[in-house]
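S.K.: Produce the entire structure from the sequences given, and follow the hints as far as they go.
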Amino acid sequence: MDWLFFFEVSLAGLGFGALYALTGVAFVVIYKATRVINLAMGEMLMFGAYLFFGFAAGFMLPVWLAIVLALAGGALLGLTLERLVIRPLLGENPISVFMVTIGLASVLVGLVEIIWTAAPRSLPGFLPDDPIFIGDAFVAPKTFWSFIIAGVVIAVFLVLFRFWRGGVALRATASDQGAAYAMGINVPAVYSLSWGLAGMLAAGAGLLLGSIAGISSEMGFFGLTVLVVVIVGGLDSVLGALVAGLLIGWIESLAGVYLGGEYEHLVTFIILMVVLLLRPWGLFGTREIERL
Amino acid sequence: MRIGSPKETYAADESLFRTRTQWVWFGILLLSLVLYPFMANLYWLYLVCLICINIISATGLNILTGYTGQVSLGQAAFMGVGAYTVAWLDNNASTPFIMNLLAAGAVTTVVGIIAGLPSLRVKGLYLAIATIAASFILQFIFINWESVTRGTRGINIEPPTLFGVEFDNPDTFYWLVVPVTVVMLILAANLFRTRVGRAFIAIRDRDISASVLGINLPLYKLMSFAIASFYAGIAGGFYAYFYGSINPESFPLLLSIFFLAAIIVGGLGTILGSILGAVFMTLTPELLRYGVDVLEPFVHDASALLSPVRTMVFGLLIVGFLLFEPHGLAEIWRRIRRFFHLWPFRN
Amino acid sequence: MTILEVDGFSLSFGGVHALRDVSLTVAEGSITAVIGPNGAGKTSLFNSISGFYRPQKGRVTLSGQDVTRVPAPRRAAMGLGRTFQNIALFRGMTVMDNVKLGAHVRMRTGPMSAMFYMGRARREEVRVRAEIEREVFDFLEIDHIRRSPVASLPYGLQKRVELARALAMRPKVLMLDEPVAGMNREEKEDMARFILDVKEQWGVTVLMVEHDMGMVMDISDRVYVLNFGQRIAGGTPAEVQANPEVIEAYLGADDMTTLRERLRGERGAA
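Residue numbers (this note's numbering), protein chains in the order written: chain A, 1 to 292; chain B, 1 to 347; chain C, 1 to 270.
Hints in this document: simulated from the structure, not taken from any laboratory. The structure presented is a predicted model; accordingly, all values stated were derived computationally and were not measured. It is possible that some hints are incorrect.
SDA-like mimics (lysine to any residue), calculated; alpha carbons at most 25 angstroms apart, straight line [what the hints assert, rightly or not]:
hint : chain 1 : residue 1 : chain 2 : residue 2
1    : B       : Lys123    : A       : Leu283
2    : B       : Lys123    : A       : Arg279
3    : C       : Lys57     : A       : Arg287
4    : B       : Lys123    : A       : Trp281
M.R.: Take a look at the structure:
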């Protein structure tokens, strides 16, 4: 066994895993605040990446401005979806809400294909591309930098989540919505906040993913893997999303190289099935007590 | 409520159609189904065949999702299992097509039960996610089990024959698929006159109470999966015969979303809903295609817009109906009927 | 003759003790009541007897058979019927279908014969329909609403439909979780009469949780008192009313006269 190669493959996997973790955090934020399993997460990510593409390549704006606009656009998308579609359904059967997010995913794919066609594109480069070596191991520069950026964003987010007023309100709402309401927390505002924040995180992940692998209207598939990540980690656990994101990124990368590309996602879904059968609340999630 | 239809026995009161009017309408419907092929052209016959295939599959999904409350995003993949079963038998065994079709139903039932196993441990949304996984794994098998599925190249199927008649065109295929659809709809409707159907609805409405009242949840959930996949398998078998060739791309996740949209638009938990939804959702792309033809002279490359617009419209229909008419077209239909019950004697 | 016996149930949820070493016996053909302040563990006890909760310790015996390890649906099939505290009717079904669902455990139709609805399935369906009409609907006086969706019914009728569903099972032991909670005086009297009739005419043993002291003391043969998950008393209504511990649990004070007055007051209200 070539250990150096194994190490390189692992590093590449962890780089990808960081993006899973980032999107996974967005997923968990929405779930914690609104108890919605958002199947349109991958499509929100895709939409963010296309916004960047539109601003940078279509309108020829400077890259930094395009990034800012894409992130803002992602946040706006999250806010709009929450306000128009999710909020009227809160309190309804969670299955209806889940199906609505499936519909939203479909709408976003259609929208992107109408505006930009289904053809794959590559994003204008904005990450440095000098080769990077860790010891003797080569890491693709884009993977390396996206890992660093994702790490920083997650760290900033965790600090906000812990100390910022909005973050505290979000955690309070997550643990007991009624009590949060009674304590004067503006719960609907927390809903908006969570979706806006998640939209922005997803758009950011979309930028990074797009700069590594290019963009296409099928990139929302990434969201399905993220779904696996958050279920393995536990739907309501930020820590779970981080650990499971890196884990699944790593395993996929190994499977892709050692078993063949077609096994990459197969392995992911088999992991999902196993977790659902053995520990459906995930590695770090809360097990809910059923009531009659 | 309808009044003035007294019954002398409980059996009569338990029948599928309880008033004379309903029987008359059912008769008219059957008659028009018989007369239709003599009046429609090939294109409209093709559409009805396609609608019937979709009705069968949507009815199965509605039993699982609409009646039992178990969301599934695997219906298309299950259809694929049925289609590949027919294709394999057609190419490797000289069994009559009716047996192939039943085998498609049986194989898919078994696969569906296996895919439904997570329902023993998890429920609701987790289960929906498990069916996504199942459908992905099936897709993988369609692509990679080359010795059976011939991989991405796809596989051809000879048209079915019965008593020397070859069902190779919509005008003959119609006589095959329409009667089967009618029968399968009646079978599904019967289910909900009995304890099995009541158990399904009870699981949807309050699973824990249902269990305390004596309903074996694992058994009935798997039963629901089995029935839904049987319907998918039959629909898939027809699909294979109808198009004469299949490949892994014939059964994408989008097709599962199509069926989910069909039962939401039509009405969750009603047989009528499966019919209306399948009709509506099959005709929508045709209508869009027509719209594109109209736009062609004015808009550059309008036909390229067809697929994305269709994707978007599917999504919009799901969102719109869930938000504004969660009981679907079936409820609209009921409202219209109620209006005419007393019409014109109402204020 | 004991038909249901609970022996030393202990149940806790993550450190919170819902039940601590609770035992009780229910004599065949009797009406037995479980009372206690809110949060005393009455519903936990019911759910444990039903088989929905699995107590960490203790055994439960039904008709002489140890059913501690028997899952909930099987216990129902063995003759354990029940109603729920916050009405658990199936909203997607009519009154008729809800009640028929109660008879689920004594029907046999499988999916195949159900779909063809011929022969056995059909006969069974019609037979059960006739039985329900004759035995349950007439008895509870709800034949006029058989085709109504349950969601549209007033509260008192919904409670009655729930009782009908439990009776359609033809249970040996009928567990009623607060059968008259939230009812007005007239509805309470009706329900008390139905419960007595269930015992007298149907010969069904009744085990109930109820807050209404007046009704409990009037119709019960035996009363058990729970407090903080523990059984603090058990005996005839008269014995329980005289038990100082019960008085303390209810009033937090050793004050006989106040309790008597309170009991009398509630009785008056009922």
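S.K.: Hint by hint, note whether the structure agrees.
M.R.: Hints and how they fare:
1. Lys123(B) with Leu283(A): holds, 18 angstroms
2. Lys123(B) with Arg279(A): holds, 13 angstroms
3. Lys57(C) with Arg287(A): Holds. Lys57(C) to Arg287(A) sits at ~22 angstroms (cutoff 25 angstroms).
4. Lys123(B) with Trp281(A): At roughly 11 angstroms apart (the allowed maximum being 25 angstroms), Trp281(A) and Lys123(B) satisfy the hint.
Consistency note: the structure conflicts with none of the earlier hints.
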